[in-house]
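Assemble the complex: chain A is given as a structure, and chains B and C must be docked to it using the hints.
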Amino acid sequence: MLYALMGLGLSLITGILNIPNFAHGAHFAVGAYLLATVAVAIGNFWIALLVAPIGVALLGLAIEYVGIRRLYAAGHDYQLLFTFGLALILSEAIILIWGPIGYSHLPPDILRGGMDLGFTMYPKYRLFLMVAAGLLVVATWLFLEKTRYGAIMRAGIENKEMVSLLGIDIHKLFTVAFALGAYLAGIAGALTAPIRGLNPGMGVDMLGIAFVVVALGGLGNLLGAIAAGLIIGVAQALVAAYWTEASTVVIYAVMAAILLVRPQGLFGIR
Amino acid sequence: MLLETKEITKSFGALTAVNGVSLAVEAGTLHSIIGPNGAGKTTLFNLLTGTFPPTSGRIIFDQRDITGTPANRIAHLGLARSYQRTTVFPAFSLFDNVWVAAFATGPSWKGLLWKSANTYAEVAERARQALADVGLIDKSHQPAREISHGEQRQLELAIALAAAPRVLLLDEPAAGLSPDETRKMVALVRALKGRFTIVLIEHKMDIIMSVSDRISVMHFGSLIAEGTPGEIQKNPEVRRAYLGGVAA
Amino acid sequence: MKQPIVLLLAAVVLLPFVVRPAIASEIWIFAIFGLGLNLLLGYTGLLSFGQSTFFGSAAYVAGWLLKHYGINTLLALGIGIGVGAASAAVVGYLCVQRSGLYFIMLTFALNQLFYFTAYQWTSVTGGEDGMPGVPRPAMLGIDFKDPLIYYAFVSALFLITLFLMKRIVESPLGKILQAIRENEVRAEAVGYNAPRFKLLAFVIGGAFSGLAGVLYAMLFGIVPLEAISFVFSGNVVFATLIGGSGSLYGPVIGSFVFIWLSESMSTVWARWPLLLGVAFVIVVLFLRGGVVEAWHKVSLRFFK
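Protein chains in written order, with this note's numbering: chain A, 1 to 270; chain B, 1001 to 1248; chain C, 2001 to 2304.
Just chain A, same shape as in the assembly (with noise of 0.2 Å):
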């Protein structure tokens, strides 16, 4: 699930922008950590949750504003070298101020322990985890489909131009999208923070899965970003479950098999 919220946000990104963006995982450690630090400093898990995502996406927005929006014209490798150094930064400015151990955030305690599913316990954050991000996918879903600003988005995937011609502002579009595909990571990392502990590494590890997401999926896909990191988080847990170390490497390794086959993901169009 939480694949599926990586994956629609970079999806959003690279499909409306049409740039490697290499931040998204930098984006996602910066949900966590915020989470952290102000569930910390306020006492107060969901209030933290609320504020945190919307930080990154702040942060998104200065990002698109001071510096991808000079770069729509420049070519793939100044973008990919742009959002790389970013991430960079991010991952440095993490270190810097949160030191390089990382360090574990417990879940608030209602959700603390287990749930008897009848079948077996199973933790309640990570059904608290499941739940949530399947509403934030549904309802960026929802967004997306039914809103009116929702489907100029989508337009502006298959179509620049044309959105640009019809009067809609394209440079406002893309910070929107830009900070939207933030705010998703945000979250994301904010989500995560309780069960998966903090390192400034997170960010890096996440990236790499993001893309395999948009990469099965077909870029600007959505639908597909969202099969595409349902399958994988599913495909990674059950893997997990009988050769723990080989998770991360089994999931890239799926991605070249179904690659060689269908070069095209497999939702993409071509």
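Heads up, some of the hints might be wrong.
As a list, the in silico DSS-like pairs of lysine-lysine whose alpha-carbon atoms are at most 25 Å apart [unchecked claim]:
no.: 1; chain 1: C; residue 1: Lys2166; chain 2: B; residue 2: Lys1110
no.: 2; chain 1: C; residue 1: Lys2067; chain 2: B; residue 2: Lys1110
no.: 3; chain 1: B; residue 1: Lys1110; chain 2: B; residue 2: Lys1139
no.: 4; chain 1: B; residue 1: Lys1115; chain 2: C; residue 2: Lys2166
no.: 5; chain 1: C; residue 1: Lys2067; chain 2: C; residue 2: Lys2145
None of these hints come from the bench; they were simulated from the model.
Just chains B and C, lined up with the frame of chain A:
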């Protein structure tokens, strides 16, 4: 017949762009294809040059079935094409533009990795000839992106010539040219008539009428008429299709 | 036209007197790495963001064989080149069917695949700790343990590599790759199988990267996990871009800049990657039209 299509059809989902077209081009002739916009002419060219395979039907070149040959093999068979929208190698000099085309179908690729590109005399000669044919030899060393639009159309043609093909497929070579440039292009095409078999797509009627040996008329993907320029001019169906666009 | 060669030879001779031989070696090794990448990036227009896959794989395999089987240097180099080329063939085959963003993301994701494999396979690679104890065996009776002698060896290999790359770039293949970059559709139309040529570029670039990888392992006596990480891939892209991807010597200059930057920063601050990131951002935002462009013009005039 050097080049033939047999009931060739290309559909994109519900849209049938080319519908059962059977074309026959005799060696050494200039065969034009005309028709209103959207008639399927460029799609037909795309089929002939292997850009995509046909939905059904066959393409026969020199008695051999070449249906389904991918685009990068077509040049080696002896068919070369120029495009409606200028598509050259912008950063290359004019000479390099034609050189790469000449090398591909050149005598041998030996030394592909280690021989200096300057040492292929035959290829260089072919490249020079192609530029000379279109009248651009003086500008050989200018980058392609710096020459005028009219000259780029000439370069477009030169790239096709450099492949030393047997059949030239020219897609609106006079597109976007001034009357003066058009005259020069027409003279060029006429000069090429003897050396190559030419299939020409054009909109400008006066060009078509003055250089063609045979004309095929397409409309909504189908062939509606075929014959000599004289026959086509008198054909009522053709007039209908063009709704007064034909020079009477 | 003779100028750059003279300058380069002078640099090769003088460098070990300006910086430590180890650093000097590192510069030329990185330059070889950059030359390999630039065949893909500058000449074919393919932004391969996973070059460290080939670099690192070669380093690990050759390092392993050097350490546990005591193979000689020549064989190690050969194996490194072979592993680099082979891994590039695999990655290239998967990637050349795609273009644009897909291509970049794929090269990255495959890089991650190799990275995590190296990370998990601790029995062979040592995981996070890297693979220490890579020897530097003698070759033809020459003992390489002296850093200066090894430097001579490395720089000689660099010059050979540069020469080879120059031949390739001036060959028909060089023109064909550039044609693919300029207009892939037309390149196919005139008779070139673009994916196959891209794959060839990958293999050649991979071979160069592999060579660099082995030399790197032998230089530091260890294969660190970073050598196969995407950060390393990013570094070589940065170095190539800042030096100028449009010319043969660009990656060489970029290698100088990058190694100098990173070496000087890393001794000062443990968080130096942040400055590196800042450097990337600055270059992209402000210097793109400025220094780098100017550099391009200068280098094109001098080195063309």
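Okay, the hints, checked on the actual structure:
no.: 1; hint: Lys2166(C) / Lys1110(B); result: holds, 18 Å
no.: 2; hint: Lys2067(C) / Lys1110(B); result: violated, 41 Å
no.: 3; hint: Lys1110(B) / Lys1139(B); result: violated, 29 Å
no.: 4; hint: Lys1115(B) / Lys2166(C); result: holds, 11 Å
no.: 5; hint: Lys2067(C) / Lys2145(C); result: holds, 15 Å
When each numbered hint is compared with the structure, violations occur for hints 2, 3.
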